[in-house]
Amino acid sequence: QAAAQVADALPPGLALERIGQRLERVERMSRAFRLNLEVLGLFSLLVGAFLILNAATFSVVQREALVALQRCLGASRRAVVLALLGEAALAGAVGGGAGVLLGWLLAQRMVLNTSATLAEVILDTDALPTHVRLDGGIWLLGLSLGVCVATCGAVLPAVEAAGVSPLTVLQGSRRITAQPARLRRWGIGALAGALAALGLLAAPGGSLALGLAGATAAILAGALLCPLALWGFGRALRPVLSRVAGVSGLLAARQLSRSLSRTGLASAALMVALALALSIGITVASFRATFTLWLDQTITADLYLSPAAEQRGTPFPAGLLAALRGQPYVRELAELRTQRVTLGEREVLVVAVDAAAFGRFNRVPVLGADREQAVRALGAGSAWISETLAYPLGLAVGGMLRIPAAPGGTTGAAAGGAATGAAAGGATAGATAGAAQLGAVDVPIAAIVQNYSAPTGLIYLDQAAFRKLFGARPPAGAALWLKPDADLEAVRRAVAGLPGGGEVRIALNAQLRQGALRVFDRTFAITGLMSGLAAAVAFIAMVSAATALLEERRRIHGYLGAIGVKRRTLALSFLLESGLLALASGLVSWGVGYVVSAILVFIVNRRAFGWTLQFLPGRGAYLELLALGVAAALLGSLIPITRMWRAPILAAIREE
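Mapped onto our numbering, the consecutive letters of the sequence shown carry residue numbers 34 to 689.
In case anyone wonders, no lab produced these hints; they're calculated from the structure.
These figures come from a predicted structure and were not determined experimentally.
Check the hints yourself; a few may be wrong.
Claimed, not checked - Each pair of labels, with its calculated beta carbon distance range:
1) L521 - G401: 31 to 41 Å
2) G196 - L173: 54 to 64 Å
3) R276 - A680: 28 to 38 Å
We put the CB at the ideal spot given by N, CA and C, even for glycine.
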């Protein structure tokens, strides 16, 4: 009640706002941006869990005889499991500590890009000096994640090691086969993961967390599908490989489908890394293509003028616009006026445009309405709103938008960069606050437009409708369309020579486009690490899986060598098996990466930012990632093959 009385007593141009309310809005604006960065980290942890699972499996296979002896001497299954999990936890703690240090070193560089974009574009502030903290909380988080991921990844191998009969291991009679029951379990798990993903994505409410959980479920479903794909791949290619590569090809195809308990894990780890790299690459490429198209459609003027002073709210030089209108090189001139208003808990930028000129020159993408009719409605007093405002507030074309009015209030002039963008039809959230809310006016919604520079929302109004709501406002900038024979540099010098021309910043069309794309590329430079991560995962996964396989097949290879099979034949068969594993994993990753990228584009991105993107799956690096995975897998198998080549036949077949 007291707040209402104070608000009623305020003079025009002032509004009452609770302490901390603006900070809360800033926090909400940055939350989605921060969440998307955290998602990359969580996906990396998912890849790491598969790597730990792979490495723990190799460790168990390497020490099966030792575990069997311990069981024979009285060690219980529980003691074996706890010992292996304790070892994994210790390794995870060491890895977590090393990861914190490496992450801190990488963050020193990467945070400069992301923080600059967050400050300049999302939060509408000047870029601030950044410092990457390395305090006790970060150490605790890194060590905890390392221990948890390593322990979870080692559970299955530890249970498997404790469940194997000691007599079977010591007799060397254990066989690795693809049991139908195991294949059925993997198939059922993959189907359950797919159904869980559909259920999470279709859940009502538009929750961002559910969208991310659905994407994770889809990735896990693809991982469970990998052993089945290997089994089918090996059986389908067996006739071809036996004819092309002889005994080596036949051995490779048979072993690929028989050793799924080992190859399935390596395939899943490799597939997850490739699928994530592909999905993020498709998403970023789709976003960049959409962003470029939006720039082509909105930044259409030849020159953009804004106050040169760095202080916000600096007025546009008086008389410069009138002088420009009389110049022979000017074909069209559009003034920019902006005002900040608060809709609920969102600060929204209102941009005044000349509807006729706006319809002729600006091609900002219009959703859900006929463009010509929407332009006429804009001139008649209706509003165009950005989808970043329409989606979270549930607004639609044909509905009404209640805009707080401030007749005679203070000017919400934009800073130089915002004025430039708004004049282009892509206004940023750069206007200063200060709108006096002395009532509200219901305005019809004529169109919803795509705008990627106003994260909190944007409203286009005709100049006349803008004056009715906010009174007379001095211009904050201007856009110039020149005649076809005009020389840009000559016009730029001429404008600078006019009275007041030295007080404005003059930006060329190409400069604005290059600057916007530079900000985009700087923001998403971190995604370029995903390809390197995929290659590293492929190499590590294949080293672990190949070493485990050769350890299990050591006696079999010894017997084959004893009866005359050449080491060259065995090495070639193992190389073929590694290449086929990577090839099958890469093909599965194409489907999983496509599905996950569609989830990121149509669901996660829309729920996080309210933006609609074009979906361009053809922009993905399918062949490049497949070749990268195969090459890394072949290189990773060379180390175990070298060990096999040097191992004496007698040592492999000797029985104690």
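Cross-check of the supplied hints:
Taking the beta carbon of each, L521 and G401 are about 36 Å apart, inside 31 to 41 Å as hinted. Our hint of 54 to 64 Å for G196 and L173 is violated, since their Cβ atoms are close to 34 Å apart. The hinted window of 28 to 38 Å between R276 and A680 holds, with their beta carbons roughly 30 Å apart.
Checked against the numbered hints above, the structure violates only hint 2.
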